[in-house]
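**Student:** So the chains spell out like this:
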Amino acid sequence: MIRTASVLAVFGVLSLASVLPASAQRVQWPREDPPPPLLAPDVKFPDYELRRLDNGLQVVYVGAHEQPAVNVRLLVRAGTSSDPTVKPGLAAMTAQLLDQGTTMRGAQEIAQTIDSIGGAMAVGAGTDLSYVNVLVLKDSFDLALDMLSDVARNPAYAQTEVDRQRQQVLSEMQVSYDDPAYVSSIVFGRLVYGAHPYGMPQNGTPQSLMRITRNDLIEFHRNHYLPNNAILAVVGDVSAEEAFAGVARALSDWPRGVLPTPDLTEQPPPSNRLVIVDKPGAVQTAVRVGHLALPRAHPDYLALDMAVKILGGEGGNRLGSVLRTDRSLTYSASAEMAGRQFAGDFMAQTDTRSSATAEVLRLTVDEISRMQRERVSRRELRRAKDYLAGHFPLTIETPNAIAAQVLEAILFGLDLDDLERYPERINAVTEDDIQRVAREYLKPGLLSMVLVGDASTFVNDLSGVGFDSYELVPITELDLSTADFMIAREVAQRVRQ
Amino acid sequence: MTPRSRRAPVVAVIALLAVAVVALAPTVYSAVRPPKFDYRITKLENGLTVVLSEDHSTPIVHVALWYRVGSKNERPGRTGFAHLFEHLMFKGSKNVPPEEHLSFISGVGGDGNAYTTEDTTVFLQTVPSQYLPLVFWLEADRMATLRIDQRTLDAERDVVKEERRWRYENEPFGLLSELLYDRAFTAHPYKHTPIGSMADLEAASIEDVREFFDTYYVPENATLIVVGDFETDNALQMVEHYFGRVPKAKRPVPREIPREPPRESEQRVTLEADNWPLPAVVIAHHITYDGHPDAYPLHIASKVLSDGQSSRIYRRLVYDEQLAVAAFGQGNIIEDPNLFYAVAIIPPGKTPSEAEAALIEELDKLKNEPITDEELQRSKNQFARDYVIGRFTNSQKAAHLAHAAVIHDDISTADGEFDIFMNVTKEDVRRVARTYFNDENRLVMTILPRGSSAGLSGAR
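These protein sequence lines map, in sequence, to chains A and B.
Be aware that the first sequence starts at 1, since it is given in our numbering, and climbs by one per residue.
Be aware that the second sequence starts at 1, since it is given in our numbering, and climbs by one per residue.
These aren't lab readings, by the way, just hints derived from the structure by calculation.
Where a beta carbon is used, it is the ideal one built from N, C-alpha and C, also for glycine.
Below, a list of computed lysine to aspartate or glutamate pairs in the EDC-like style, where the Cα atoms sit at most 20 angstroms apart: (1) B:K367 <-> B:E427; (2) B:K94 <-> A:D33; (3) B:K36 <-> A:E66; (4) A:K385 <-> B:D111; (5) A:K138 <-> B:D386; (6) A:K44 <-> B:D229.
These stretches of chain A come out as covered by chain B in the derived footprint (C-beta under 8 angstroms, 3 or more residues): (7) 33-45; (8) 107-115; (9) 327-333; (10) 386-393.
With the Cβ distance kept under 8 angstroms, some of the chain B side facing chain A (calculated, not the full set): (11) T58; (12) R165; (13) W166; (14) V209; (15) P247; (16) N381; (17) I389.
Whenever a hint applies, use it, and build me the whole structure from the sequences.
**Tutor:** Have a look at this one:
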């Protein structure tokens, strides 16, 4: 959607001259420029409070008093990145079972209690965190804290619940493994992160789920769910004093423990690899392209993130211009960074009709290459900065959005003062900065590329656009735990030169 | 909408929440009442309805423009046209070059989007509050002077085809709505879904574009909702300035829609579908329209069946008997009478007929015995929660105001529905169940993965 100045001007004039009004009626309408803005109000990052209990639990409070609701969110600093290599899915299952029974309450009582007050509870795990989130109307704040404390500290992991949860996830996987979007993202993750737990699906694999025992869950919980390894946020319609007093009452007797040392497995260096997962009959191909990038707290993250946004994000999006606007090859094309604690990646993604797969892969790789090779124009960078800096007030609309930014900063060890300085930090980035990080971190010759679609419709086109070698995996034989992604080792890897 | 996040497993999205059973916790009436909206509603001389609601908590403003036209206004052979037209609204007008509408918005840090439903086409933008005049200028410019040529139409048609493939054809279970509605309706255009068919998208002509624009994209068919950081008097002056000059329509907006005849006997269908990883059962009943007195007890019924881990369908089919990977029952309660449908996705080792029997039993139970006091109160508390958490952002508030003003044609329902819900009784729920959940009004649809042998299914 973004073009250079001269192209835009020419394009605009030509197209206006050549089109007719959609309306048959003649409308008297002035030719005019967009109106100037009104006086800009001051924007500040809203107030929040931070405290720490004696047992090490960090507590964040964000008040908001328009709507009579309170959200209580517990983040534990352990996610799927803490999964043992042979048991991916352990962190996720540990979290998913938190509300399925505690030593105090059965699964049914927990559900009944939450539902009857019109509350909602969510549990789960991400790559670097696990969470319990309880939302209630304000008159149930104390009950929310009690429930959160109970499920976070006392999960029972009853064998029947473990078996039920495992069966549920296995059935869901049967659906997910038929979904090109899901399959492409897990294969991409494995290519980029290799044997590191970041490289495995967060819910694990059908094989790994079978290996997880009740004792594994209890042990993971005991090692990681500790107050000195957690952050709690209270967000909404209670006062700061009510919030901190309530948290102290419910959680100050949670004993601290010894933190496990993080697994610092190295990610593999990027290598050029194209994996095709063959799904006969698919009408579209999911295209995912990228490689290892930066952990969230890296000093170059902001600049590289901006480069990737110019490639495929809001306020920029060359991929959208090339693939959708200019050629109608897709409904959506984008690129984004995933910044994690120990590593990160960037990934371009789009989905296109099967027959256009090779062309779209070529165009996508070419845009990554151009981003790395050519300096961005002052105007293009200006647009990206205008969006990101201007967007700041939209990111602080709700108390939960405010809390999410504070929690992210604490979790990844970012400077909390940067929340307030976001617009100025954006505006300080120069074309030189973008060029430096693009040259240093983008590696268009070392891309992980994944195509999930009907291979018969496009494999013969690949060499014509410069992709001479690829690996082909039938979707029914997909196995993330093997080097070649195939269940059966003896199935020959088909590499064409 | 643009897909940005890496996708969660499909079933996780289909399944509403997780698990549980009967219990002992006392049910409490929540004393909490949400605040009422503060708004002004007015109509310009050209017929444009304008709703303004100030909220100064953040220096941003949300502008929504609702056109009362959706897929139910499409004629046979032109399905998908309302949605295709939504895309064309970004292709330029007298003062705005093609594709530049969203560039103007993102250039000031704002977000813009649009969507099409069976009943409406909605254009949205949120911007820092000082850019409110820019949004009015952009929306008025395309309402008055949209420009489309054949090349643009062809190009955007291809984009919409990719959208159809991406959202529906290539996604597991993506064609569920299309299969269901095609069989559930015979005359009313709810028979087709907003995305339309590939063949009809192909048939759309530039004359269709012109006629559609002149018929439906007129001020009297539009409602402008502004929520956020502005002064009402100032904003109204700006609205008058930018939208007041859009000419009034030359003819009234057509409103005739074919009616769906009542059902006379149960309909049963078994079919196979592509991209269908596990068998599914759907039990659908025709119900009433949004705003009808029966609509509120039907909402309560769907909460009893499906909201939370202690709800009936979840507890029985997913947790206790594990007949389904995901299961729910809910009303699609919209402008014209639509459907209440229950769905179960069947895991390996179980059969669609077991799930079908369980779902029908749960629906029958609503007819045969009253829900418990505890269930009624839980549902109301859950409704109050939804009400409160559905009003956090300016865009959420605008959606409620617009829905009341456009679909109910009565903006007071944006607040008034709270008390209507709080006054629903157990007998109301039983009454609507008896009215609608009847055998002769039932469609039972079993959808199997392509290649399964009919009748066997399930255990593979």
